[in-house]
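J.: Spelled out, the chains give:
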Amino acid sequence: MDARDATNWAKRVSTLNVSEVPAGAVNLNVEGRRLTSPIQGFGKMWQKTYQVRLPAERVSPAELIATWKQRFPDFWPEGGTFYGPLTGIAPGEVALLNMTMPGRMKLSTGVMVLYADEESFTLMTPQGHMFAGWITFSATERDSETVAQAQVLMRASDPIFEVGLTLGGHKQEDRFWNQTLTNVAAHFGERAAEVDTQVVCVDKRRQWSKWRNVWHSSAIRSTLYTLGAPVRAVRGRFGEQQPVG
Amino acid sequence: MSEATATFEVRRHGPASVVDIRGDVTAGSEEVLMGAYDAAGDARAIVPNFTELSYMNSGGIGLLVTLLVRVNRRSQSMLAFGLSDHYAQIFELTRLDEAIGIHDSEHEALAAAGAV
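Residue numbers (this note's numbering), protein chains in the order written: chain D, 20 to 264; chain L, 8 to 123.
The set of hints was computed from the structure by calculation and includes no laboratory data.
One or more hints might be untrue.
Over the 12 Å line for every Cβ pair with chain L, so calculated as not near, a few chain D residues [what the hints assert, rightly or not]:
1. Ala44
2. Pro104
3. Arg251
For the chain D half of the interface with chain L, some residues (derived, Cβ under 7 Å), not all of them [claimed, not checked]:
4. Ala22
5. Arg23
6. Asp24
7. Trp28
8. Pro57
9. Pro121
10. Leu133
11. Tyr134
12. Val221
13. Asp222
Because the structure is a prediction, the values reported are computed rather than measured.
Here a beta-carbon is modelled for each residue, glycine too, at the ideal position from N, C-alpha and C.
Here chain L stands alone, though its shape is the one from the complex:
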């Protein structure tokens, strides 16, 4: 439960940074996720891409809440895309969808971030 089993790659698109998530997101992913966030730099919007997410437990959801706090503290916004129906339901259940804009595609998320 404490080992990092996910990768987070950052792609910059103008004022937005897309974070491609691959693998299993658990509490053990904290260091690599926060490292990716630091790499995202001064982007106006942080845009996690969940398309390649294969597993997430409650520790992973906790990490997203912590990331959201850091994003808000720097007056950035957080937009997400690529969520399967299953993970979209988890976002609703945990009410993360009230603070993170959910979009169907990367293009829509980047448009909402003013990056296209």
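Chain D on its own, in the form it takes in the complex:
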């Protein structure tokens, strides 16, 4: 007999496969990468919870999650683009992320939809992402309010990202998810909703055995890709001028 949650989970995959690249998206650091849980990460382990409350009579948890799934890229804050799968947020689907980091550095990565049901969905990161772990978006009814929540369980993937998170990256991430929840609340008519943030360090220890994760770093590879753009342009032009046949 199938488990009740059988259709909510992604099927087992050894590496990620991007079936279709949306126009304008850079498919870098996703194809062929393995998923990473917090167990495979390098840095301290954090659980960050961001919550916003809405009147329950305005939107139910199931309605909120259905909208969040459907319009996920619309709630994404400025400074990056979430190229959602064409089929929407569904278990096993892969989405591409193109972000602009401090210093105008471009960073290309992605996520896979690990789990999705009527009241929650979870995105999991691949090798090379800023962090190893997952983000669960959920909604529950509490005291006549619908509480929308984003919860991140993560470790920085490698020593470089760990330094970046310590030197302002955590604050930037907090602002990012605060803005996301503010956008969700505004969509349902709550333009001045306050976002509660709770940050717990689950494990203060760094996993030094994972320092080699830096090999897959999306920051390094995206930078190399950007630096190589002129060379690729010249090669392309040269290739076009080659006689055919």
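Given the coordinates of chain D, assemble chain L onto it according to the supplied hints.
T.: Okay, now just chain L, sitting in the frame of chain D:
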């Protein structure tokens, strides 16, 4: 999603504590799961029994990761048994199987823990 709908009963077998899990494991199970872990005491190995697990969402998997951190912090090991094919696949997908020893039976798990 936030209500506890699972029970966790602890049985001591020498240096190992078996935790019998029944019901639905979600983020709402945190308090009872951590209570069970505290009840497991100073066991050298924590051995969750998933035979009677009927449902688990991503919040439940997150709880297992958090439990694993506590287990590692106390230099204990974590071994599991009773996983259906479905949940074994989820352990592979989330790569929990790289940190938790998966065994086919209680006897095998306890043997690996040095408890038989």
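J.: Hint by hint, note whether the structure agrees.
T.: Now the hints, each set against the structure:
no., hint, in the structure
1, Ala44, "24 Å, holds"
2, Pro104, "17 Å, holds"
3, Arg251, "34 Å, holds"
4, Ala22, "5 Å, holds"
5, Arg23, "5 Å, holds"
6, Asp24, "5 Å, holds"
7, Trp28, "6 Å, holds"
8, Pro57, "5 Å, holds"
9, Pro121, "29 Å, violated"
10, Leu133, "6 Å, holds"
11, Tyr134, "4 Å, holds"
12, Val221, "6 Å, holds"
13, Asp222, "5 Å, holds"
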